[in-house]
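Visitor: Work out the full structure: start from the sequences and follow the hints.
Chains B and E are the protein sequences, given in the same order.
Each residue of the first sequence is one higher than the last, beginning at 1 in my numbering.
Each residue of the second sequence is one higher than the last, beginning at 1 in my numbering.
Derived from the structure by calculation, the hints contain no laboratory data.
Please read these numbers as outputs of a predicted model, since none were measured by experiment.
Some hints could be false.
To be verified - Derived list of chain B stretches under chain E, where covered just means 3 residues or more per stretch with a C-beta under 8 Å from a C-beta of chain E:
no.	stretch
1	42-50
2	73-85
3	96-106
4	113-126
5	180-192
Unchecked claim - Residues from chain E shown here face chain B by an in silico Cβ test under 10 Å; the list is partial:
no.	residue
6	Pro23
7	Gln228
8	Ala230
9	Leu232
Glycine included, each C-beta is placed from N, C-alpha and C at the ideal position.
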Amino acid sequence: MQTRKTLITTVLAAAGVGLGGMSGAAASTGFSDDVVRIGVLTDMSGIYTDLSGEAAVEAVRMAVEDFGGELNGTPIEVIYADHRNDPSVGASRAREWYESDGVDMINDLSNSGVAQAVAGVAKEQQRHAIVNSSSTLAITNEHCSPYATHYTYDAHSLAHGTGKSIVEEGGETWFFLTVDFAFGHGLEEAVSEVVRNAGGQVVGAARHPLDTTDFSSYALQAQASQAEIIGIASTGADAINAINSLAEFGVTPDQQPAALLLWFDDVDSLGLEAAQGLLLTNAFYWDADEDTRAFSERFYERTGRMPNMAHAGNYSSTMHYLNSVQAAGTDDPDAVSEKMRSMEINDFFADGGYIRPNGRMVHDQYMWEVKAPGESEYDYDYMELVSTIPGEEAFQPLEESTCYLLDD
Amino acid sequence: MQTALRLVAVLALAALLAVPLFPQIVYPVFVMQTLCFMLFACAFNLLLGHTGILSFGHAAFLGSGAYITGYCAKFLALPAELSILAGTLTGAALGAVFGALAIRRSGIYLAMITLAMSQLVYFFYLQAPFTGAEDGMQQIPRGTLFGLLDLHNDVTLYYVVFATIAGGLWVVWRTVNSPFGAVLRAIREHEPRAISLGYPVARYKVVVFTLSAGLSGLAGSMKAIIFQLAALNDVHWHTSGDVVLMTLLGGMNTVFGPAAGALLVSALTRYLDPFGAWVTVVIGVVFMACVLVFREGIVGKLQHVLRRRPREKRQAVDREGMVRTSE
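Guide: Put into structure tokens, the structure is as follows:
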């Protein structure tokens, strides 16, 4: 066996094939194959490119550089790949990374389907996966494992953040514009429950297909419902189109839209004229305080754009992973997992954040209101803090999680 | 020349058999996925290349195979062989329905009917409660084959997939080189004449549709077992487009040309991955180049070149492959 491996190594080296991930002899440093390798699995060519994509890779690289580029003399390497929004592509790439390329941790994971598939592979291969840019609760429920971490936000934090705070602020009657997909249905259901529990009322909902461009009939239905709040249970282009139509049909000044998953980048493409007054829950906003500004300006210099919450999460989670590896003194997944879940996270992204046994990173969420064009004083000055939602309230209570790790 | 081709085929076969031993060189799961697409493309070509029917809804068969296999294995806890059988049969049954309706028209209208029907199927899987919609059906158990072979072992799985796909490809080859296949080519060349000769053309078309769909379903079933998931991408019309692309690239007037096309497309999307969105551009350019430079596809062109050189052999080969190469 060993001779064959050596033979292959020689042949490959001779052929000049740059295979870094050869499973060579066990390292003496406590690090497998003498390098800590982080893979960023993201959407480089599809609908989520703008939300994560290359900037997510850059955020992870930044964290590695800030960490020093090495761990006790062991180099840290960042590689990336495109999952093309296909769970089978994502799963096969993750499996290959873990099995033959010696990847220790996979980050980003936009697209819920891909995130779930990779969480499954991570569990089987006993390697780390950190989900930053998708919302599916399955990561901390049926697909949970000691190796999967859900970092930035999830469907529960969106629903509870937005739903509860708005009802508390007096928005009692709700109408939903929901994308006709499992994601939209799930979000609508979760928010409806929160609204009812908080004493509000859901007066109706309109379902639209994915990639709808003409929202006129939906906007009119929303207007006719006379609900105070129009909950927008979609994301990306659909949410942008919906908000634009609501503004065009004069729905917005009287009835307030609440976006259940809107990204900083969406506000940027909508423009303040159309987006003003919009309420949204985000885990991060670049202009929140001194630390976030410092990070965001450095990020802006590298990528030419302001970071959204997923980028900030990519950076923060990579840093936390590396800190945990350092504290454990090895990249052995079990030891690292234990450190990750026992060490507190204190950086520009999270204050006193911690990871629960089911993999949920608990940290404060924030509700923001989009400023009117007149209030914006400088570039990217888009949002104002409405309220802070404590992490304990924002995320799914531990007793509701179906994660098998909580059974004993 | 014949011996040279045979040598290449034997070498390729040996290389494929050796794949699980050298995971460092090429990743076995990638090879398995490519094998599935090879079968899918060759099955599709039974219709396009050998019968002259352009179906634009083949993703429905691939995806149904994957979803039904997943459903059987995950929710009904059936063993792998029964799940795969169920997926294959579902594909075939859908193919019979598609075929029966679509062959009432021809050309672009036929393609549109198949597209419309595959969109219906897509919508079904999008809304059906068991599929997990856009999240896909996850964690499909691989199980054991005939209660003997544990498919969780990647090496075992590889050889099972290899054998199954090889079996599927053999069916394609046998179909093409049979009296049935000859009738299909007659239909492709001159349908009214085939009718006047007394062949029940409609029945032939439905049968070949069913066969092609069944094999596509088998490819989808294997895919579900390999990746342990079934997702909407498999039923999306993009996949129907991809299979046309693979077939044209490989050569639609050959039996195994589409397999070469599938290999090319899979390899391009995989190894050009670091270029992100540029992959689609590169594949587009490769496709245009292929269509402009060698219209008969890669394998078609290869056969053409090999056949032309030795003059004395030419006639013998031509007699054999007369109908196939007449364009």
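Visitor: So, for every hint listed, does it hold in this structure?
Guide: Status of each hint after checking the structure:
Requiring three or more residues with a Cβ within less than 8 Å of a Cβ of chain E, the coverage given for the stretch 42-50 of chain B holds, as 3 such residues are present. Only when three residues or more bring their CB closer than 8 Å to a CB of chain E does the claim for the stretch 73-85 of chain B stand; here the count is 5, and the claim holds. Only residues whose C-beta sits within less than 8 Å of a C-beta in chain E count toward coverage, and the stretch 96-106 of chain B has 3 of them, enough to reach three; the restraint holds. Counting residues of the stretch 113-126 of chain B whose C-beta lies closer than 8 Å to any C-beta of chain E gives 4; at least three are required, and the coverage claim holds.
Note: the stretch 180-192 of chain B has 3 residues with beta-carbon separation from chain E under 8 Å; the three-residue rule is met and the coverage holds. Taken as an interface hint, proline 23/E checks out: its beta carbon lies about 5 Å from the nearest beta carbon of chain B, inside 10 Å. Because the beta carbon of glutamine 228/E sits about 7 Å from the nearest beta carbon in chain B, less than 10 Å, this interface hint is met. The beta carbon of alanine 230/E comes within 8 Å of a beta carbon in chain B, closer than 10 Å, and the hint placing it at the interface holds.
Satisfaction of the interface hint for leucine 232/E is found here, the shortest Cβ-Cβ separation to chain B being roughly 8 Å, below the 10 Å cut-off.
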